[in-house]
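J.: Sequence:
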Amino acid sequence: MRVLVPILNPSYAQEPFIQHVVREASVVYLLLVLDPKSAHNPFGFKTSEIMLGRETVDLVKSKIKEHKRLCTDMLEWGDTLEKMVQIAEMKNVDKILLYNGENNPHFVHTINDIQSRTKIPVECVEGESKK
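In case it helps, my numbering puts the sequence shown at residues 5 to 135.
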């Protein structure tokens, strides 16, 4: 199975999510989107934010490859949801995998927004509850 994993925050490197990805997929596409609308600074991204995203992608890629899965990463500029849908359709993936590592109750809106733009199934893996 071919899956797209958009890296939305550093929690994607957590082991429970990695284990889910490698159980599901034989080919994994990691996507890091640099979205100018999400920047805190009106003049663009801070270097630290870009570096953190890149480090997270590299860590996730390394962990997936340890399980002998094919894994490719991509860096895109633009609207996050739009790029997720475009890349998923371009790579003809079977599923888009998301991780709600922070247990955000509003994450369902993100899933619904993606699902309204594509016929590719979107699956959300829930993170462990923080206590």
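In short, the hints are calculated from the structure, not lab data.
Quick reminder that beta carbons are idealized off the backbone N, C-alpha and C, glycines included.
One or more of the hints may lead you astray.
List time: in silico DSBU-like cross-link candidates among lysine-lysine, alpha-carbon distance up to 35 angstroms [unchecked claim]:
hint, residue 1, residue 2
1, 67, 41
2, 123, 87
3, 123, 65
4, 41, 87
5, 41, 95
6, 87, 72
7, 123, 95
8, 41, 99
9, 87, 69
10, 123, 41
11, 99, 69
12, 72, 99
13, 99, 87
14, 65, 41
15, 95, 69
16, 67, 95
17, 72, 123
18, 95, 72
19, 123, 69
20, 123, 99
21, 95, 65
22, 41, 69
23, 87, 65
24, 67, 99
25, 123, 67
26, 99, 65
27, 67, 87
Here are the in silico distance ranges between beta carbons for each label pair [claimed, not checked]:
hint, residue 1, residue 2, range
28, 71, 41, 20 to 28 angstroms
29, 119, 15, 31 to 39 angstroms
30, 113, 90, 26 to 34 angstroms
31, 19, 108, 28 to 36 angstroms
32, 41, 74, 13 to 21 angstroms
33, 110, 72, 14 to 22 angstroms
34, 13, 82, 28 to 36 angstroms
35, 71, 110, 18 to 26 angstroms
36, 120, 72, 32 to 40 angstroms
37, 79, 31, 27 to 35 angstroms
38, 113, 70, 18 to 26 angstroms
J.: Tell me, which hint numbers fail for this structure?
T.: Numbers 28, 29, 30, 31, 32, 33, 34, 35, 37, 38 - these are the hints that the structure violates, sorted from lowest upward.
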